[in-house]
Amino acid sequence: MGVWTDPQGKEKSRAFETKTAALRYANAMETDRDRGDYLDPSAGKVRLEEIWPRWMGSRTIDPASEIQYESKWRLHVEPVFGRRMVKSILPSEVAVWLTDIMGAYGPSTARSAFLVLNGCLELAVADELIKRNPGQSKIVKKPSRRFSKVVAWSDETVERIVEAHPERFRLLPTIASAAGLRQGELFGLSVDDFDFSLMLIRVRRQVKRLGKEFVFALPKNDKERFVPMAPVLAKAVQSHIERFGTTTISLPWEKLDGDIQEYDLIFSWLDGRHLTARLHDELVWKPALAAVGVIPPPYKDSRGRRRFKTDRTTGLHALRHYFASITLADGVNIKELSEYLGHHDPGFTLQMYTHMLPSSYDRARQAVDRRLTRLARRLTDQSRTRTEIGPELEPPDPGPELP
Numbered sequence: 162m163g164v165w166t167d168p169q170g171k172e173k174s175r176a177f178e179t180k181t182a183a184l185r186y187a188n189a190m191e192t193d194r195d196r197g198d199y200l201d202p203s204a205g206k207v208r209l210e211e212i213w214p215r216w217m218g219s220r221t222i223d224p225a226s227e228i229q230y231e232s233k234w235r236l237h238v239e240p241v242f243g244r245r246m247v248k249s250i251l252p253s254e255v256a257v258w259l260t261d262i263m264g265a266y267g268p269s270t271a272r273s274a275f276l277v278l279n280g281c282l283e284l285a286v287a288d289e290l291i292k293r294n295p296g297q298s299k300i301v302k303k304p305s306r307r308f309s310k311v312v313a314w315s316d317e318t319v320e321r322i323v324e325a326h327p328e329r330f331r332l333l334p335t336i337a338s339a340a341g342l343r344q345g346e347l348f349g350l351s352v353d354d355f356d357f358s359l360m361l362i363r364v365r366r367q368v369k370r371l372g373k374e375f376v377f378a379l380p381k382n383d384k385e386r387f388v389p390m391a392p393v394l395a396k397a398v399q400s401h402i403e404r405f406g407t408t409t410i411s412l413p414w415e416k417l418d419g420d421i422q423e424y425d426l427i428f429s430w431l432d433g434r435h436l437t438a439r440l441h442d443e444l445v446w447k448p449a450l451a452a453v454g455v456i457p458p459p460y461k462d463s464r465g466r467r468r469f470k471t472d473r474t475t476g477l478h479a480l481r482h483y484f485a486s487i488t489l490a491d492g493v494n495i496k497e498l499s500e501y502l503g504h505h506d507p508g509f510t511l512q513m514y515t516h517m518l519p520s521s522y523d524r525a526r527q528a529v530d531r532r533l534t535r536l537a538r539r540l541t542d543q544s545r546t547r548t549e550i551g552p553e554l555e556p557p558d559p560g561p562e563l564p
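First residue of the sequence shown? That's 162 in our numbering, and the numbers climb one at a time after it.
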């Protein structure tokens, strides 16, 4: 029997088959106690499903993230680890589980599912239920965000796409390409968000889906921002409002039971409803792409419904990439672009658009030319003077070296 005392002075014991094993275990527990690393052997006998609600309750997240986390727990984490004692979860099991999700669902789902599992395990460490988080083992290869090379559409392609839109919705891709707004932010634009005196667009809300319902919410990353408005865009906005007016839309703020907010939106369906991503994509965006040959013509599925063949490169988000490409090409720096796009970190913007940065070779040549012209002229003049007065005199022979 291995016997030791815990940090509170209480005697603890555990049975072993041999006296040697019992002594080794008891000594290890007392060493941990003396170092301040003591962990109650019975502490980890808690199922992960008991930790999950505590972890969720400890986080401050928006309703959309809450829905996403609950989905990842229910579909991916709970079936494998929910009934497991937290102390029994091994790094190798986490590694295999993560690899399986990567293969079946891709890196994005794997990242979200791992965030949930890892969060629960970190809470278990913080509450001293386990000593180490198995999800942080070196053998667990966490899925990293990979940036595929963004290819921006040409000016001509963007112009043709805009012209292929019905007139009522033609301003929407125009703003997307000229100001870089996200789809939900475009759907939430109010007439009051345009400052025609300062020539700025104030991006301060989006139309956001929560389950099957919709709310008004802050833009992604919970940040309002200002985006410069070009004169040509300002004229297009004013013309659109004069012709099509606005529609007053009422939705809850941030959550389904949130306070009802009312805004005069510049985009809506003819029946007065706010735009939604799925309907806009199927009824407006994809038909415009097909009309100009960016995607193939539509086809009929087995139920006779019209379908379009698209991929991630042909979404409305492509117009944000176009905005990034034209602003970078004209000298806007990464930090400024990051602010205009509403990114959480300029480093993210740099990773995504670094290949679009114009070459610095010419700028470097011009900088050196401007700053060092006088020095170069002086060196040239000195060289010319030496040539005119003849070669420099050779120094006198110092004679033989002294022994």
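It should be emphasised that the hints constitute simulated quantities derived from the structure, not laboratory data.
If you're wondering where the values come from, they're calculated on a predicted model, not measured in any experiment.
Please note that a few of the clues may not be correct.
Claimed, not checked - Restricting the straight-line Cα-Cα distance to at most 16 Å, the calculated cross-link-like pairs of lysine to aspartate or glutamate (EDC-like) are:
no. : residue 1 : residue 2
1   : Lys470    : Glu210
2   : Lys381    : Glu210
3   : Lys310    : Asp472
4   : Lys381    : Asp506
5   : Lys470    : Glu443
6   : Lys384    : Glu403
7   : Lys381    : Glu423
8   : Lys384    : Glu497
9   : Lys248    : Asp223
10  : Lys416    : Glu210
Enumerated hints in conflict with the structure, sorted upward
Violated hints (numbers, rising): 1, 2, 6, 7, 9, 10; every other hint is consistent with the structure.
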